[in-house]
Structures are given as C-alpha cells and as structure tokens.
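Sequence lines, in order, name chains A and B.
Residue 251 in our numbering is what sits at position 120 of the first sequence, and the numbering runs on without skipping anything.
Residue 321 in our numbering is what sits at position 308 of the second sequence, and the numbering runs on without skipping anything.
Derived from the structure by calculation, the hints contain no laboratory data.
Possibly wrong hints are sitting among the right ones.
As the list claims (entries may be wrong) - Derived Cβ-Cβ restraints for the label pairs, each shown as a range:
no. : chain 1 : residue 1 : chain 2 : residue 2 : range
1   : B       : Glu310    : A       : Ser180    : 55 to 63 angstroms
2   : A       : Pro386    : B       : Phe177    : 39 to 47 angstroms
3   : A       : Leu395    : B       : Arg175    : 38 to 46 angstroms
4   : B       : Val108    : A       : Val277    : 54 to 62 angstroms
5   : A       : Leu395    : B       : Val322    : 56 to 64 angstroms
For glycine and all other residues, C-beta sits at the position ideal for the given N, C-alpha and C.
In case you want the letters, here they are:
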Amino acid sequence: MLIQLLNGVVYGGLLYLLSVGLVLIFGLRQVVNFAHGALFMIGAYIGYSVAAAGSWWGGLVVAVVAMAIAGCVLDATLFRALRKQDHIVTVLVTFGLLLILETLVTVIWGKAYLRYPMPDLLSGTVDIAGSPFPVYRLFVIVVSIVVALSLASWLRFTRIGLYVRAASTDARVTSIQGINVDRLSLIVVGLGTALAGLSGVVAGPLLSLSPTMGNYILIDSFIVVVIGGMGSFGGAFVAALLIGQIHNFGAIYLPWAGTMLPLLLMVGVLIWRPTGLSGART
Amino acid sequence: MTVAAGDVAPRVKTRRGTPLLLVLGVAALVAGFTLPWIAPSKVAMSLMAQSLFDALLATSVGFLVRQNGRVSFGQAAFFGLGGYVFAILVARSLVTPEVALVLALAVPTLVAFLFGLVVARVTGVAHAMLTLAIGQALYEIAFRWRELAKGDDGMSFDLPARLFGLPTRGLQDPAVMVVLAWSILVVALLGLKLFSQSRTGQIAAAIRDNEERARFIGFSTTLPRALVYAIAALIAAIAGTLQATYNGYIAPQMFHWSLSGAALVMAIVGGAKFIVGPAIGAIVLFYIKDLAGQFAEYWPAIVGTVLVVVTLVMPEGIVGLIKRIGGLGQRR
Numbered sequence: 132m133l134i135q136l137l138n139g140v141v142y143g144g145l146l147y148l149l150s151v152g153l154v155l156i157f158g159l160r161q162v163v164n165f166a167h168g169a170l171f172m173i174g175a176y177i178g179y180s181v182a183a184a185g186s187w188w189g190g191l192v193v194a195v196v197a198m199a200i201a202g203c204v205l206d207a208t209l210f211r212a213l214r215k216q217d218h219i220v221t222v223l224v225t226f227g228l229l230l231i232l233e234t235l236v237t238v239i240w241g242k243a244y245l246r247y248p249m250p251d252l253l254s255g256t257v258d259i260a261g262s263p264f265p266v267y268r269l270f271v272i273v274v275s276i277v278v279a280l281s282l283a284s285w286l287r288f289t290r291i292g293l294y295v296r297a298a299s300t301d302a303r304v305t306s307i308q309g310i311n312v313d314r315l316s317l318i319v320v321g322l323g324t325a326l327a328g329l330s331g332v333v334a335g336p337l338l339s340l341s342p343t344m345g346n347y348i349l350i351d352s353f354i355v356v357v358i359g360g361m362g363s364f365g366g367a368f369v370a371a372l373l374i375g376q377i378h379n380f381g382a383i384y385l386p387w388a389g390t391m392l393p394l395l396l397m398v399g400v401l402i403w404r405p406t407g408l409s410g411a412r413t
Numbered sequence: 014m015t016v017a018a019g020d021v022a023p024r025v026k027t028r029r030g031t032p033l034l035l036v037l038g039v040a041a042l043v044a045g046f047t048l049p050w051i052a053p054s055k056v057a058m059s060l061m062a063q064s065l066f067d068a069l070l071a072t073s074v075g076f077l078v079r080q081n082g083r084v085s086f087g088q089a090a091f092f093g094l095g096g097y098v099f100a101i102l103v104a105r106s107l108v109t110p111e112v113a114l115v116l117a118l119a120v121p122t123l124v125a126f127l128f129g130l131v132v133a134r135v136t137g138v139a140h141a142m143l144t145l146a147i148g149q150a151l152y153e154i155a156f157r158w159r160e161l162a163k164g165d166d167g168m169s170f171d172l173p174a175r176l177f178g179l180p181t182r183g184l185q186d187p188a189v190m191v192v193l194a195w196s197i198l199v200v201a202l203l204g205l206k207l208f209s210q211s212r213t214g215q216i217a218a219a220i221r222d223n224e225e226r227a228r229f230i231g232f233s234t235t236l237p238r239a240l241v242y243a244i245a246a247l248i249a250a251i252a253g254t255l256q257a258t259y260n261g262y263i264a265p266q267m268f269h270w271s272l273s274g275a276a277l278v279m280a281i282v283g284g285a286k287f288i289v290g291p292a293i294g295a296i297v298l299f300y301i302k303d304l305a306g307q308f309a310e311y312w313p314a315i316v317g318t319v320l321v322v323v324t325l326v327m328p329e330g331i332v333g334l335i336k337r338i339g340g341l342g343q344r345r
C-alpha cells in the first residue's frame with residue numbers, strides 16, 4: 132500500500148515538473164503550449180544520446196541546458212509574436228510546432244522504442260516497510276520536491292520572483308511599472324522548457340522512449356493545469372499529486388477505466404468549479 | 014470581430030442571395046455526377062471518396078470554430094460514434110437497418126447537444142481539454158471493450174442487403190459513393206450557409222462575438238451554442254457513418270484525437286471563417302498528402318509548418334487568399 136502510494140507520488144512528481152512549466156509559460160505569455168510534451172520528449176532523447184555516449188549525469192545537464200536555450204529561442208521568436216493573439220491562434224501554432232518536433236524526433240532517432248539506461252549510482256533498491264523499492268524512484272521524488280521547494284521560494288522571496296508573480300497577474304500593468312516583461316519572460320519560458328527537459332530525462336528510465344511518449348503525459352499535465360486552475364502554481368502541485376495517485380490506483384484497481392479517470396475528474400471539477408481548484412483566474 | 018450596425022446590411026443582402034445560392038447548390042449537385050468520369054481509375058475514385066469524408070469532418074469542426082469561436086480537439090468523437098452505432102447495430106441485427114441509420118445520426122447529435130450545454134460556458138484550454146476528453150474517453154472504450162467491437166483490431170461488418178428499399182451493394186462501389194458523398198457535402202454546406210443566415214445562426218454569431226452583451230440584450234447564450242455543437246456533430250456523424258459503410262469496417266482510430274487534430278488543421282488551412290473553407294482545405298491537404306507519398310515520413314512536419322504559416326500569415330486560409338486575389342483583380 133505504502134509502495135503504491137509512493138509510485139503515485141513518482142508519477143505525480145513528473146507531472147508536476149511538466150505542468151509547472153506550462154503554468155509558468157501560460158502565466159507570462161498567455162500561451163497554451165501544446166508543444167510542451169514534445170519538448171519533454173526531445174529532452175529525454177538528448178539525455179539518452181549523451182547517456183549512451185558515456186555519461187548519464189552529463190545527459191541530464193546537456194538536456195536541461197539545451198531545452199532552456201530552445202525555450203528562450205521559442206519565446207523570442209514565436210511566443211512574443213503570439214502574445215496579442217487569440218487563444219485559438221496560440222493553440223494552433225503550438226500544435227503545429229508539436230507536429231514538426233515529433234517528426235524531427237522520428238527522423239533523428241527513429242520510431243523504435245529505446246531503453247533509457249539508469250545511472251549505476253541509483254540502480255539498486257531499498258527496503259521500505261518490508262518491501263523493496265527502487266532507489267531511482269526515490270530519486271524522482273526527491274528531484275520533484277527539490278524543484279517544487281526551490282521554485283516556490285524563488286517566486287516567494289526573490290525580486291525576480293515577485294516580478295514573475297506580478298506579470299502573471301497582469302503583464303501590462305507590470306510593464307507600466309517599469310519591468311521589462313519580455314526579458315522576464317525569456318527567463319521564465321526558458322525555465323519552463325528546462326523543467327520539461329529535466330522531467331524528460333528523469334522520466335526516461337521509467338518510461339521507454341518513443342516519438343509519442345510526450346502525448347499521454349501532455350494530456351495528463353494539461354488536466355493537472357486545468358484542475359489546478361490556469362496559472363496557479365500551488366494548484367498545479369496539488370492537482371499533480373492527486374492525478375498521480377488516481378493514475379496509479381486506477382491502473383491497479385480499475386484497469387478498464389485506466390486513462391479515463393483523470394479525464395472524468397477534470398470534467399467533474401470543471402462543472403463544480405469552472406476555474407479550477409485554486410479558482411483564481413480563467 | 015465586433016457586431017456593429019454594419020452587420021445588419023449583409024443580412025438583407027444575403028436574403029436576396031438565397032435563390033442564387035440554391036442555383037449554385039443545384040449546379041454543384043449536377044456537377045457531382047460527372048465526378049466518376051473525371052477520375053481516371055477506381056483507385057482515384059476511392060481516394061476521391063475518402064477525401065470527401067475528410068471534407069465533411071473538416072466542415073464539422075470548422076463550423077464549430079466559425080459559429081461558436083471554439084476550437085475542438087475531439088470532433089472525431091462524433092465521427093467515430095456515428096460509425097460505431099451504425100456498424101454495431103447492423104452487425105448484431107439489433108434493429109432494422111433504417112433505424113440503425115437514424116440512430117447513428119441521432120445519438121451523436123444528442124450527445125453533442127447535451128455536451129454542448131455543459132461545455133458552452135468553458136473557454137480556452139479547458140474547452141480544448143474537454144473536447145479532447147470526450148474523444149479520448151470514447152477511444153478508450155472502443156479500444157478496451159473487446160466484446161463491443163473487437164477492440165483494437167477493429168471490426169468488419171456486412172451491410173444489410175437493402176436500406177430504405179434500395180440495394181446497398183452500390184454503397185461500397187467508389188463510383189456511387191463519390192456521387193453520394195459529394196451530394197451530401199453540397200447539401201450540408203448549403204444547410205450550414207442557410208443556418209448561419211437564419212435568426213438562430215445570427216444569434217449564435219452574436220454570442221460568439223460578445224457573449225456578455227448578447228446575454229445582456231436578453232438572449233439565452235447556452236442554447237444556441239449547444240445547438241451549434243449538435244449540428245456540427247450531426248455532420249461528423251454523417252461522415253463517420255459514410256466511411257464505416259464504405260469500408261465495411263470500424264476501428265478505434267475513428268475516435269482518436271489525431272484525427273480530430275487533422276480535421277482541425279484542414280479546417281484552418283482551408284479557412285474556417287468561410288463555410289466552404291474547411292472542405293476545400295481537407296481536399297487540398299488530402300491530395301497534397303497523396304502526392305507527397307515518398308515524403309510520407311515527413312508529412313506531420315509538413316502539415317505542422319503549413320499550419321503555423323497559415324495561422325500567422327494568412328489567418329483566413331486558402332479561401333481567404335483566393336478571395337483577396339479576386340478582390341485585387343476587381344479593384345483594378
């Protein structure tokens with residue numbers, strides 16, 4: 132039971148890493164990034180290639196850096212231009228981007244499933260309440276907790292964090308106060324995509340690599356964002372853990388309902404509170 | 014996209030245009046009978062029929078964008094539902110084929126209407142997610158419930174010998190199907206055009222442009238929106254039933270969100286602002302894909318690039334571009 136609970140936290144943690152990036156990007160740019168799952172996947176593939184060349188930890192670093200750069204480029208070229216556009220336009224453009232990136236992955240790495248190796252340091256198991264539990268899964272939990280705590284304190288206690296929160300509430304008023312929202316969003320979008328890359332690498336050894344690996348987790352993390360309330364960091368955290376548990380226990384006790392449970396939960400939440408759990412902004 | 018006093022004028026003009034529209038429609042219907050002779054082979058005819066199914070589905074999702082201002086990532090739900098209801102009822106002989114056909118169109122329409130009542134208030138991502146959810150939920154059911162229709166393998170079924178007293182053999186003959194699908198497409202486009210000019214259609218457009226104001230004037234805003242969902246679903250269901258009939262086969266992929274996404278792309282590329290736009294987009298993309306056979310591996314990237322370029326550079330799509338070129342010619 133405890134083990135199952137922990138497994139749910141592992142998936143919830145991955146979802147959190149992904150959906151908090153979506154929240155960051157949506158907050159500053161009002162862009163619903165459909166390509167986020169593709170960035171997650173590319174992060175995983177880059178990490179895989181470096182890991183295959185020798186260094187697992189090197190793969191982690193390279194993937195995160197590469198995705199951060201990709202995010203800055205995306206923000207400067209595409210998202211900035213989309214800022215004033217309708218939601219429909221941003222959805223369509225990032226959807227097109229998703230198609231392009233998926234093809235790119237197929238061309239470079241092929242369609243076959245690839246097995247992401249595990250670092251030697253984390254490949255063992257530990258005993259938890261009498262049952263063995265992979266160290267690697269604990270590592271995933273630790274990574275997501277560290278990210279959640281540092282992100283929360285960055286947003287809460289630093290000056291840039293204050294600007295980010297302000298700009299997420301109202302970008303125009305914030306820029307009137309003399310804050311360069313474009314430069315700010317370069318950092319924030321870069322951070323969001325870097326987190327997508329990080330979760331891709333971290334998820335790599337748990338899932339197998341394929342050009343469609345981003346799709347399911349993207350849908351789940353969208354559900355997290357919608358349930359948590361668009362643009363809410365705390366809401367995303369709670370919703371990610373919730374969906375993680377539902378995903379896991381659903382797979383064990385209601386296998387026929389499987390992937391439908393998170394969808395049903397979302398429908399329920401939206402009918403109950405159309406703006407999500409945190410209920411702040413739409 | 015604001016409702017100004019100026020919008021009243023075109024309404025008067027369009028009323029006068031209705032006979033012209035009907036003439037055009039009849040001409041298009043007659044022209045449809047030449048399609049089997051234009052196509053050089055049975056294969057070409059079959060491709061033509063497939064492209065028309067796509068065109069119907071794209072018309073359905075495009076109508077939703079045009080009339081409700083909402084993007085759906087789950088229009089395939091109603092496409093698949095139509096096909097599945099028809100195929101399962103026919104294969105198990107649960108009801109007469111005529112009733113099966115009526116149910117295949119009525120069930121998705123009703124589901125979409127009820128769905129519309131719920132999602133009409135939801136905007137943005139949440140809306141995209143809810144539409145995605147209904148499609149994926151049905152996909153999962155079709156995929157996992159093996160007793161229903163053989164799950165992932167898909168199910169072949171035999172058509173009933175007669176439908177409304179007519180022999181059904183022709184329905185799997187590309188020459189007949191091309192004419193039938195074309196005629197249905199023409200009638201559907203005509204119907205949508207007339208709907209958008211009707212009072213209800215105009216109210217729906219007003220709600221799309223400014224829901225709060227429409228409510229303030231005293232209109233119920235949920236009902237017209239739900240009606241638009243229902244009409245769009247009806248067209249998707251027709252497309253799904255036609256495809257299921259033509260292939261004599263159904264599979265869970267009919268519900269999949271990649272099909273919904275593809276239909277959305279067709280609609281946008283063609284120009285969702287216009288009623289004929291999505292159908293034209295579907296046919297153009299279908300034939301480009303066919304020509305691009307050897308680059309099939311890169312096809313999604315090609316579509317993605319086209320989508321990004323169209324959305325950013327020519328948001329009115331192919332039809333908008335044609336109109337603009339035509340407009341330039343007139344002014345000179």
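Is 54 to 62 angstroms respected by the C-beta to C-beta distance linking valine 108 of chain B and valine 277 of chain A?
60 angstroms, holds
Consistency of beta-carbon spacing, serine 180 of chain A to glutamate 310 of chain B, with hint 55 to 63 angstroms
Roughly 20 angstroms apart at Cβ, these two residues miss the hinted range, so it is violated.
Does the Cβ-Cβ separation between proline 386 of chain A and phenylalanine 177 of chain B fall within 39 to 47 angstroms?
For proline 386 of chain A and phenylalanine 177 of chain B the Cβ distance comes to about 43 angstroms; the hint holds.
Outcome for the supplied range 38 to 46 angstroms, where the beta carbon pair is leucine 395 of chain A and arginine 175 of chain B
For leucine 395 of chain A and arginine 175 of chain B the Cβ distance comes to about 41 angstroms; the hint holds.
Looking only at beta-carbon atoms, does the pair leucine 395 of chain A, valine 322 of chain B fall within the given range of 56 to 64 angstroms?
37 angstroms, violated
Checked against the numbered hints given earlier, this structure breaks hints 1, 5; the rest are met.
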